[in-house]
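The lines below spell out each chain.
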Amino acid sequence: MSLSQRQLALLLIAPGLALVAALFLYPLLFSLASAFTDPKGGFSLQAFGKAFELYSGDILFTIVIVVSSCALTALAAIAIAGTLTLGENPWIVGTLRALYRWPLFIPFIVAAQCMRTFLAKNGLMNNSFVSLGLMEPLQAVSYLDWRGIIITFVWKQTPFVALLLAGALAALDRATLEAGRNLGASRLRVLLELALPQVMPTLLVALVLSFVTMLSVLSVPMMVAGSQPTMLTVDMAFRINAYGDYATANALGVITYLISAGAAILYLRHGMAKESAP
Amino acid sequence: MSRIASLLRASLAGIVLAAFAFALIGPLANLVLWSVAERWYTPYKLPVTYGTRYWEQVFRPTGDAMASLGTSVSIAVLTVVVALALSVPAGYALARLKLPVRALFMIVFLLPQAFPSVAIYINVARIFYNLGINGTVLGVVLVHAAHGLVYSVWIAAAAFAAVDRDLELAARNIGASPLRTFFTVTLPLAAPGVIASGIFVFLESLDEFTGTFFVGVPQVTTLPLLLYNAAMGGNYQVASITALILLVPSVLFMLFIERFLRADVLAKVGA
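In order, the protein sequences belong to chains L and S.
Just so you know, we're using my numbering here: the first sequence kicks off at 1 and counts up by one.
Just so you know, we're using my numbering here: the second sequence kicks off at 1 and counts up by one.
This is chain S alone, in the form it adopts within the complex (with noise of 0.2 Å):
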């Protein structure tokens, strides 16, 4: 009797299991097949034909998908490049030297992640446009860097934070002048979490939709917006296959952020 109840329950969170791994994997599996499908239609359950068509118009070097992929990259790159120049001194600052009103500081660079942004976009679009820098790869970037400051900022500091001070004494005490300590010692083994805090700031970049449409439009198209273009436009197959692209560097990174944020940094994040 207990062998057929076990065997229930056994086959029950088996059928459970089953719909969650279907949930989760299903709309990612229409994604792929959509890429795929040359032709599709009710009431056919799948493509009538496959092919690679579509993937041969968006990897056309001279396609949009090309030009898209290329804005959107060295937006994410100069994104990076804005946001480290302004969070590897503040997180050493926040980390390592005596502050006023520290926790306040750290609070300011999360509150443009923590506030509904349309209504922050609209208003940053409207101060851009006056300013003759809406529509330029500059205003998307400065975007871009402000809302990813957050994760630079905290990652940078908890750094710093996890660097032994032993170290950089041992330094300063055969003669070494602090910039000198900094760039010898503290920075090269704060390095990995500093790199991790930029592969985030990049990812953020590179999948920013709301901040682009309202600063960027008409002039600069990313992936996101592409990929939105093509959807509204009926396009899945275009649409499919921008979605897939943009999902690559968000699976390395699934892979292998750990290797980068070592548990001891991690523990300071936000601290």
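Extracted from the complex, chain L is given alone in its bound form (with noise of 0.2 Å):
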């Protein structure tokens, strides 16, 4: 008997698409059927009402952080990445180069010891604003809360937003930019006017991937913030260790997806926005 190519192409990537689906798509489901059943089994939104009442000052400031995190990282690599494409100074451009990309490769949990470290009280940053006379030892305060979160969130991101924007930004046709240039048009004008709109989806897509990666850290709000209050993924292993809560921890699951299917759907509509266009 011999299979025909389809029949070997199926069998050869059944096994991956087996452990896919018993650890990624089973457990999905099996989230999505706890947190809508009650504990005799029928369906029920109970759940839903536990986690609302409990956490819905955290559901708001998970999003507030990650949607602030998104933002600024936005900012950081439009700047880097324009820095990058259209300086002038070669010196500038060089150390830029040769330094932002750093904590691409840096573990989420690295970061967070960092940044519990760096950011703290008598951390190394406030002894160097205090040994350089920016401050007075006793304006010192912790940023080890919401702020540091989403320090080390922006710390992380940037690199990876920035190396794809930058790519991007390098393969534009340099003729336009020129001419915008030589028209008289300043650089940030050409980056913002020119440049920018240009690359968008590459931006956007960047922005989703750390999106949804920053509602899935779980160390980062654990090391670098205190108990309360706090993100959705602390929130569910919290349910989960201490009182195996299995139906709210999913249903707060259940609300991170809703989250990041926010996320997927402005750049969604954002694509489409594109192609109807003329």
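Simulated from the structure, these hints should not be mistaken for lab results.
No experiment lies behind these values; they were computed from the predicted model shown.
Idealized CB from N, CA, C, for every residue including glycine.
Label-pair restraints from in silico Cβ distances:
#1 53/S x 89/L: 43 to 49 Å
#2 53/L x 229/S: 31 to 37 Å
#3 229/S x 135/L: 30 to 36 Å
Listing some non-contacts, in silico: residues in chain S with all C-beta distances to chain L over 10 Å:
#4 2
#5 3
#6 8
#7 48
#8 49
#9 53
#10 55
#11 63
#12 78
#13 81
#14 103
#15 168
#16 181
#17 183
#18 221
Two chains, two separate frames, one set of hints: put the complex together.
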């Protein structure tokens, strides 16, 4: 018996698909089922009621953290990629190119440990500011709260977004950008009005990926910030480890799916608006 | 006048660049300082006494860190073996064979990375608990492999797609069987890309925290879990040294990745 090419292809890909099905799709269905079931096994929204009652503050906190981290990441990445593409001082461009990629491959948990010490009340950041005379010792405050989470996320994700953005900018037609410069537009204007609109899809893909990543990270909110308020990842771990309360934890899980679906829908709507435009 | 303006501009750019360098390097510098600080307390801005006492403690052959390093590396190696065993055939099928709904299959492998993962892992842990493989190396390896599969499948598919078809046809023309052609022509030519995908999977596994946190505890302590326990226990030195150990492979990878991942392969990733 000889296999057709199609059967052979399906046979070769089947083991990989089976692993994803067993360790992603099945647990996903499991989490949906658990979130929408009451203790007696019937359909109910009871778990969501409890999740909103206990964690509505943290839901809002998570959204604010992730959205503002993405916004700041976008700004920093645009500044870096723009300087790399349109910078005229070779010394500045060279230094920036050598520096900006460093956090890219640093694991989140290592970034969290770095920031845990760096942003503390007596961390290296405050100490440096005091030594430089920028701040009085008594003014030093700890940044290990929502600000710390945002700083860590921006620090870790900016190189990723900047790398993709700089790649897309480098592939643009230089002649258009030069023409803009020759007509007297400042470099900032060329970046914002000529270059950026052309690489918007790349920027949005990178931001959506960062958005989902930030929603998935457990170590940063656990290590960088105190217990309350905190992000939904920490709340889920707490419901499981402290109470074995799978229903509420899975309801919170479904809420994080919905938040990331919101980001994906925004992205897709932008893509469709672009395609339908002339 | 314009000279003063350009001087001002240059010094402003210099200040911005210095602030950027500080924000980038400062946290890492703090990590290095903590790893060699034997005593450091307020109000001192720098460690009071320096030393390698904690390095010796961490690198003692019987220490927790060495055991965790062993666990981490063996889990990462096993994860690479599992991921490549699944992704080499899958990547070949995606790149070379006629496959129905190919785009859908590509997306399926991306899904584990495209969803917020904590909610998935808590349920994987529950399923594994019922199967009796929670807290085992096998459970952790399976979770890491599923998570890393998107890299290994996508990069393997790109590597196979970049192999010149004429070379395969030439081998077939002089009488080689399809299987022999694959092992003597296609696979060796795709090897650099496949190795690169293996390195990606290895690093993902080495750095993975969330999945191990739910599936591995309390028996399996990888380096990230040791780091977490040390940091939460207030032992900043051990936490910082563990973090530095975790940085080594990442930095090496960043320096050498371009050797393995050629531009022609890179251009085909995800296509």
